[in-house]
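2 protein chains.
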Amino acid sequence: MKTKFAIICVANLLMAITCLAQAGTATVLEDFRPSVLNQPGQEYPKVNSQGYARFRIVAPAADSVKVSLGLGGRGGTRLAKAADGSLMGTTEGPLDEGFHYYHVTVDGGVFNDPGAQNYYGSVRWESGIEIPAHDQDFYALKNVPHGNVQQVLFPSQSTNAIRRAFVYTPPGYEKDRSKKYPVLYLQHGWGEDETAWSNQGRANLIMDNLIAGGKIKPFIIVMTYGMTNELKFGSGLRNFKVDTFQTVLVDELIPYVDANFRTLADQAHRAMAGLSMGGMETHSITLNRPGVFSYYGLLSGGTYTPAEINDKANVKLIFLSCGSKERPDGVRTAAAALKEAGYNAVSYISENTAHEFLTWRRSLHELAPLLFVN
Amino acid sequence: MKTKFAIICVANLLMAITCLAQAGTATVLEDFRPSVLNQPGQEYPKVNSQGYARFRIVAPAADSVKVSLGLGGRGGTRLAKAADGSLMGTTEGPLDEGFHYYHVTVDGGVFNDPGAQNYYGSVRWESGIEIPAHDQDFYALKNVPHGNVQQVLFPSQSTNAIRRAFVYTPPGYEKDRSKKYPVLYLQHGWGEDETAWSNQGRANLIMDNLIAGGKIKPFIIVMTYGMTNELKFGSGLRNFKVDTFQTVLVDELIPYVDANFRTLADQAHRAMAGLSMGGMETHSITLNRPGVFSYYGLLSGGTYTPAEINDKANVKLIFLSCGSKERPDGVRTAAAALKEAGYNAVSYISENTAHEFLTWRRSLHELAPLLFVN
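Protein chains in written order, with the working numbering: chain A, 330 to 703; chain B, 330 to 703.
Chain A on its own, in the form it takes in the complex (with noise of 0.2 Å):
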């Protein structure tokens, strides 16, 4: 009885799959689950096993509900009155894997789902929503041993402020109270801040699982907020200028986790990288400040030519990454001419992400086992 039917189960579970083939994207799998990015207990968003999104807010009186992530360009998700009363959507198409900034539009004005947590990013704190990605292990949350992330609190004359950074110490870093560890420096993107990295990162579980399987060896990472010529919040990009922020990372933020943490306090054993405007400003300190760093990777952030490059005898690697729906021939023609100028270039193209964070857990992986290896 038993082997027949599991021989059934696998008919039917074939038959299943032939349909959906032959539907295409239309079929929509009622398989949906609560993303693992809601807030405790709330049952939506949903997402299901092909990418698709769906979403319910719950307000009566309201006349217009529409959430921000649908297809490209035709405005996101509209919801429509469903029989229990609520506001319920799915997306028109499945949205890429991996982490979605969002928020909900009701009556006209900008909210964030209630049963979404929230993460800061476009300057202001946007829900999120997680499609489980095909390779999602590697930033998994497992029964591993655990780094921890410090916020360290660490004054700053330039800014005439008090700021915050996260600090990230691999596993067993109290333990042996004398060995010392190489650092990392990593930057968070236009609108986002030093909790992006680990919240939406989850750098720490990708260093975490890296180390558990033995595949680098451990260094610090240190993250801490970049938009120091804030707070111009409707500029944008345009009128960025690095040398606020290249004064509080070099000149204090270092000197700080030198004198705080067990670090390898030297050029050789000091890291920067940084995703979208945290990679602009690694490739403008790395070259205002040759001499601090000798690892430099830029995330979906630009690329470096050979020519701008004035430290050359101590730069161990360059790292360049993007998402294949981003610019990937940009990122490895650069490569391939710093290589050819006899740089140790490295390029890595995300596939099928665009410019978010799944691109960018995937490049921090990439990255991490290269740097302090030569």
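Hints in this document: simulated from the structure, not taken from any laboratory.
With the C-beta cut set under 10 Å, the calculated list includes, among others, these residues of chain A facing chain B:
1) Asp392
2) Asp436
3) Lys504
4) Ala588
Keeping only pairs whose Cα atoms sit at most 25 Å apart, straight-line, the calculated DSS-like set for lysine-lysine is:
5) B:Lys508 x A:Lys508
6) A:Lys544 x A:Lys504
7) B:Lys508 x A:Lys504
8) B:Lys546 x B:Lys509
9) A:Lys641 x A:Lys668
10) A:Lys645 x A:Lys544
11) A:Lys546 x A:Lys509
12) A:Lys508 x B:Lys509
13) A:Lys544 x A:Lys471
14) B:Lys546 x A:Lys504
15) B:Lys504 x A:Lys504
16) A:Lys509 x B:Lys504
17) B:Lys509 x A:Lys504
18) B:Lys509 x B:Lys645
19) A:Lys668 x A:Lys654
20) B:Lys504 x A:Lys508
21) A:Lys509 x B:Lys509
22) B:Lys508 x A:Lys509
We put the beta carbon where it would ideally sit given N, CA and C, even for glycine.
Assemble chain B onto chain A, guided by the hints.
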């Protein structure tokens, strides 16, 4: 000229004060400023020097927008169309000093205020607003040495999960690598989580300031999630059982902390305290597991009777507190009975506060100097 101008100014000021005194609470001073808990760059919500709060929500097509804060029992503050098309409103009276959770109801749907930062309370991320307290200096962010707040992921076999705790390590923890510290286990209230004591409680800043002022000897604080018989979100405290959490705390987290931080790992150097439901947990666990803690603190979280304490020889302090708008007599009476029975019992009443975080910030500030001193 300058002197004359100054005299006129003082005269005007005196007149203004006289007017205000005559008008009483009906005069709302127009000195509103953005709440210090606003999201970066956000002007609203605002608070004035009297403790009134003013809200502004942009939702052009909304018919009804209400803020949950206002005068008790009157259903909060209803916003009305302003000249610029936004919806605005001011509380009918001043709010208590300190931190308040709130939310916005837009056409029947519950959302957060896009202007405010979010804090986990009521089993959801809520908006937060801060009415500056006359004694806010003790929890202010100052240019003093700062301890770190470390996010720790620890394994819990009993709940088959990787659980999260936050650990405050005092300034200097990293530098003197042989020094060991006592530990306070500090619990949040119902509907809150392990982020509450550092986010809305400012426990780390209270400690930093006490240490900088030479008022306490440094100790470690550990904060973890106490609602482990989750997720009965509708059932409130009714069905709460402490057993699951007690196992996580005593048999899993304490050994993890003692193995991974430089603690004085004995009863004499271990305290437990909690607010509201966290006080109930403290009460139960200290009684169920004698031999683990020697300092007990209930912050708006009930009382002990002398008869129920079964570890008399090892109890070094019983601290009971609440706000003056709660049941201060119960706290005072219980402390007196404990003293009478020979315990080192201390009661503290926070003036003009209710079951809210200013009560608990002040309680921690009073409790800390009494810990680990005898």
